[in-house]
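Each chain, written out:
Number of protein chains: 2
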Amino acid sequence: MATRIGKTTLVFSNKPSVIGYGSVVGKKEFEGPLSGEFDTHDFDSRFGEKSFEKAESRMQKIAVETALRKCSMSENDIDVIFAGDLLNQCVGSSFGLRAMNIPFAGIYGACSTMTLGLILASLCVDSGAANTAAAVTSSHFCSAERQYRFPLEYGSVRPQSSQWTVTGAGATILSISRNKPYIDRAAFGKIADLGVKDANNMGAAMAPSAASTLLSFFKDTGSAPDCYDAIITGDLGKVGSELLYILTEQNGVRIREKHIDCGLMIYNLKSQDVHSGGSGCGCSASVLNSYVFHMFEKGKYKNILFMSTGALLSPTSTMQGESIPGITHLVNIRI
Amino acid sequence: MATRIGKTTLVFSNKPSVIGYGSVVGKKEFEGPLSGEFDTHDFDSRFGEKSFEKAESRMQKIAVETALRKCSMSENDIDVIFAGDLLNQCVGSSFGLRAMNIPFAGIYGACSTMTLGLILASLCVDSGAANTAAAVTSSHFCSAERQYRFPLEYGSVRPQSSQWTVTGAGATILSISRNKPYIDRAAFGKIADLGVKDANNMGAAMAPSAASTLLSFFKDTGSAPDCYDAIITGDLGKVGSELLYILTEQNGVRIREKHIDCGLMIYNLKSQDVHSGGSGCGCSASVLNSYVFHMFEKGKYKNILFMSTGALLSPTSTMQGESIPGITHLVNIRI
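One line per chain: the protein sequences are A and B, in this order. Note that this note's numbering has the first sequence beginning at 1, numbered continuously upward. Note that this note's numbering has the second sequence beginning at 1, numbered continuously upward.
You can trust all of the hints, since none of them are fake.
Just so you know, same-sequence chains aren't split out, so a pair can sit in one copy or run between any two.
Under the rule of at most 27 Å between Cα atoms (straight-line distance), these lysine-lysine pairs were calculated in the BS3-like manner:
1) Lys-180 - Lys-300
2) Lys-50 - Lys-197
3) Lys-70 - Lys-28
4) Lys-258 - Lys-15
5) Lys-70 - Lys-7
6) Lys-70 - Lys-180
7) Lys-298 - Lys-180
8) Lys-180 - Lys-15
Derived from the structure by calculation, the hints contain no laboratory data.
Sequences and hints are given; from them, build the entire structure.
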């Protein structure tokens with residue numbers, strides 16, 4: 001059973017716990033600082049498939065299969081899977097998982113998808129709607145570039161505020177368990193749109209929603225940055241992280257010492273030519289389901305906030321002159 | 001608290017009830033057989049906006065505002081809203097609801113979105129994660145045609161198996177209440193893909209998933225078509241409905257006498273040139289949140305199955321030679 005505290009915070013009473021997780025990345029991500037953390041990688045980022053979209057679907061399947069293997073489960077043991085991605089009509093998920101015999105709930109949160117899926121899977125497990133539930137998401141640099149921006153062959157110049165879409169996927173399996181990291185509290189984010197229109201500056205578009213979700217959570221729970229081992233955002237990058245510091249400090253909350261961003265961890269910003277950092281659903285998904293859960297296993301994390309950040313734009317909305325709505329969902333993971 | 005029966009069926013114990021609902025449609029839908037049922041319509045289907053995509057967003061907002069007004073609530077009373085649509089990156093929802101101060105959970109189920117949203121909103125209300133939760137979705141003929149098929153100006157010929165995307169939206173608000181229709185049981189669907197590749201024959205692509213979800217539900221619950229006042233599918237149309245009869249009858253279950261399809265109800269098939277019937281997220285959403293709930297109010301429905309059907313394709317997947325995965329979610333609504 002879930003209870004509500006404050007305006008937007010949920011508290012789960014039955015400890016929906018991380019019993020399995022899996023990550024898969026492409027070549028560039030494997031060459032980055034987290035290289036040794038990922039379960040699987042592929043050297044040409046095609047994963048044996050004929051198109052980038054099919055490669056993305058394949059990554060989702062691999063991530064789920066890896067997570068299942070780690071907890072010695074089969075697809076028949078999963079009562080529901082929450083899945084989504086950045087591709088039009090979320091085909092990364094539907095084609096990736098269609099051969100699996102798992103009840104399928106499609107979600108769309110742009111790059112906030114991993115956390116959105118975790119919240120919904122937690123709800124199912126906590127309430128008894130599922131004994132075991134899963135969440136998975138993915139992104140692929142090549143499928144995202146040609147869909148959102150330009151075909152790769154065009155060779156467009158990318159401004160310094162732009163981010164590099166992670167080729168990667170991550171899957172988490174939740175069930176009631178003991179001695180595993182569990183989702184203690186969570187919050188669905190609200191859409192925040194301060195009028196940023198630059199599709200090459202997602203960090204700026206997403207930072208206001210990250211600040212809003214985080215400040216609400218602190219208020220609802222009466223907690224502060226010091227209560228947590230880390231406050232991890234999805235893909236704010238350099239620009240967005242700086243803006244998050246400014247927006248939270250305007251409200252008297254200082255998170256610099258606790259904050260890390262998956263988009264800043266997954267690449268070497270100095271040598272990998274990714275400008276403001278990594279982005280994409282696969283960014284927070286692959287880092288959560290490798291480095292972050294490894295930190296729990298090593299005993300270095302005991303209590304963290306994990307917040308995937310999403311920019312809810314489409315090429316059509318941008319062409320019609322719209323600004324970029326941002327959204328940030330939050331989970332509090334403890335052991 | 002939710003319990004599970006059989007393989008995929010959820011039973012809610014706290015009666016998440018329909019306390020408010022709203023529907024909005026375009027010109028063609030208002031000229032159809034359900035004309036008098038809808039709350040709002042617009043004569044040029046633009047709803048005062050400059051683009052079809054913005055018109056679709058506007059419809060979602062109107063649907064939610066209508067539903068709120070009917071239960072004398074404001075947006076601040078809603079703890080979470082589940083929203084999705086057919087547009088790339090679901091911009092119908094994110095732009096339609098961005099100005100509302102409501103925690104936002106994006107979902108993607110293609111035309112199954114209304115039922116998917118209802119299940120998740122029910123889960124939140126039933127488990128205590130929300131006091132009040134909402135679900136909304138939309139589709140627009142003009143935004144869907146140019147995104148999925150051809151620009152309207154092209155004037156392409158449509159085969160007889162094709163369906164007409166409904167211009168419409170529907171919103172439902174759920175809370176614990178008495179003497180209102182409530183979501184008693186539900187099931188997340190599994191993806192079914194029997195290899196149909198014709199994007200002009202969605203009914204055939206979706207029918208196998210509808211049969212699978214319905215047969216599982218009957219098996220899990222030990223119930224039969226006779227137990228229900230109606231078995232309502234979303235948008236199988238003429239072709240898909242016939243296939244559903246064949247597929248269920250192969251398993252000894254006859255639903256013909258109980259079955260109606262929102263896609264066959266919303267238009268006059270003889271005079272409105274819609275070929276196999278209506279389709280789109282807005283089809284089941286606008287019919288549920290008008291005709292179906294009115295039937296409960298009139299006392300003509302006491303116990304129904306409502307199943308929105310979705311085709312999880314994208315233009316890209318079709319161009320890459322993929323078949324069309326179908327999905328059908330189910331809710332059992334009673335009073």
